[in-house]
Amino acid sequence: MSFAETLVLLAALYAGAGLLFAMAFVWGGVARIDPAARGSSVMFRLLMVPGSAALWPILMLKWTQVKGRP
Amino acid sequence: MSVKYQAVQWSPYKRRYDLCLAIGVGAFLITFIVVSKLAWSGSNAIGDEVLLLRALGATAIVLLHLILCIGPLCRLDRRFLPLLYNRRHLGVVMFLLALLHGVVAIGYYHGFGNVTPLNSLLDGNTQYRSISAFPFETLGLISLIILFLMAATSHDFWLKSLSPAVWKSLHMLVYVAYVLLVMHVALGTLQAERHPVLAMLLTLGVIVVSALHLIAGRKETRDPGRAQRTGVWVEVCGVDDVAPDRGKVVDFPDRERVAIFRNGRGLSAISNVCAHQGGPLGEGKIIGGCVTCPWHGYQYRPEDGCAPAPFTEKLATYELKIENRRVWLNIEPMSPGTPVEPAIVEEVDRG
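Those protein sequence lines, which keep their order, are chains U and R.
Residue numbers for the first sequence follow numbering that gives the first Met the number 0, beginning at 0 and rising by one.
Residue numbers for the second sequence follow numbering that gives the first Met the number 0, beginning at 0 and rising by one.
If you are wondering where the hints come from, they were derived from the structure by calculation, not from laboratory data.
Please note that a few of the clues may not be correct.
[What the hints assert, rightly or not] List of simulated lysine-lysine pairs, DSS-like, C-alpha gap at most 27 Å:
1. U:K61 - R:K313
2. U:K66 - R:K159
3. R:K167 - U:K61
4. R:K3 - U:K66
5. R:K159 - U:K61
Looking at chain U on its own, in the form it has when it is part of the complex:
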């Protein structure tokens, strides 16, 4: 497997995992880490999908920290 193939495969895995995370995050997590997102519109949540899929490790960390709070 060439370097390019490895890179594309890793990017696809990262993006795939990100998309799955983003679906869960925009419906459940976004309002947990930022109260201003509570009750926000479907459009707002859809707008958050690309960024959530791209930055999912950071958001997962934040979501986990919020979940851990009493």
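Fit chain R to the supplied structure of chain U, relying on the hints for placement.
Just chain R now, kept in the frame of chain U:
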């Protein structure tokens, strides 16, 4: 400002701005295609797919130049400020045009082989040591990833979630994307189209963007408003230098900038840095008794630096005093949200 996030905080101004943007982009695309059809006809005719991807790419890079010019233009002349207020929509539109350009280009040049288009793009040409055959598509792909990250995180949610410092650093990558895109276009033009006009236009764009940034930076460092320091209290300007309902920015070499505002007869000083996105408050104006950020309309009371309820943002405040119609500022900031009595400007007896 909003308690609850919205997808887009529409205002009549933003609608007009976006309408002008849509008309401008449409007009540029049509003009580019028509002129190209006329310039390259007969045996030199360009295929529709190539023409489309060139038109999309050209529109995107022209828009990127415009976006990069807006910041320094506003620092040089306040009349450009309305262009700044909705710049994030310009950025998102520019990314979408660049994305369409990338999709058409990858589909057209790499979509018909027996390997995936991205593998074909990355593996098809690996002559990274050659200038004339450099794989310029890779540069475009990297800049597209940067532009995607910026467009995807352009909402206020990201600013708060990532923190202003991280968000700002991420969005400063636009300059990396710009350099990569200039190389992408220059090397691509070198390989595909050797018409001198294209190289000249690109060079002109780079010169304009660079020159505006240099001139704006030079103006800021030489601003006559830079204060002369004598102890804690510093004489910063005359009372008439602060226009009614407007601000004046005072620059200190090793401190945060301060914005002095005139609200009625009172002068107040707060930090020049908006708590929302670091916008230059001194370039805003007083609306409804509150200092209003020129970038996104966040508001603060001039006398205590607090956002009006139900918002909770607070800025540092500063003490002012007036002696012989000269304004003196205590350069030590008060804690964010500390009330400070405005310095009252006495009317000059003109009788």
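field: Straight-line alpha-carbon gap K167 (chain R) to K61 (chain U), limit 27 Å
entry: Judged against 27 Å, a Cα distance of about 19 Å means the pair holds.
message: For K3 (chain R) and K66 (chain U), compute the direct alpha-carbon distance and say whether it is at most 27 Å.
response: This hinted pair holds, its Cα atoms lying about 21 Å apart.
task: Assess, step by step, whether the Cα of K61 (chain U) is no farther than 27 Å from the Cα of K313 (chain R), and give holds or violated.
output: 24 Å, holds
message: So if I understand the rule, the pair passes when the alpha-carbon distance is 27 Å or less; does K159 (chain R) with K61 (chain U) pass?
response: 12 Å, holds
Restraint status (C-alpha distance of K66 (chain U) to K159 (chain R) at most 27 Å): Holds, because 19 Å separates the two Cα atoms, which is no more than 27 Å.
In the structure shown, no violation is registered for any of the earlier numbered hints.
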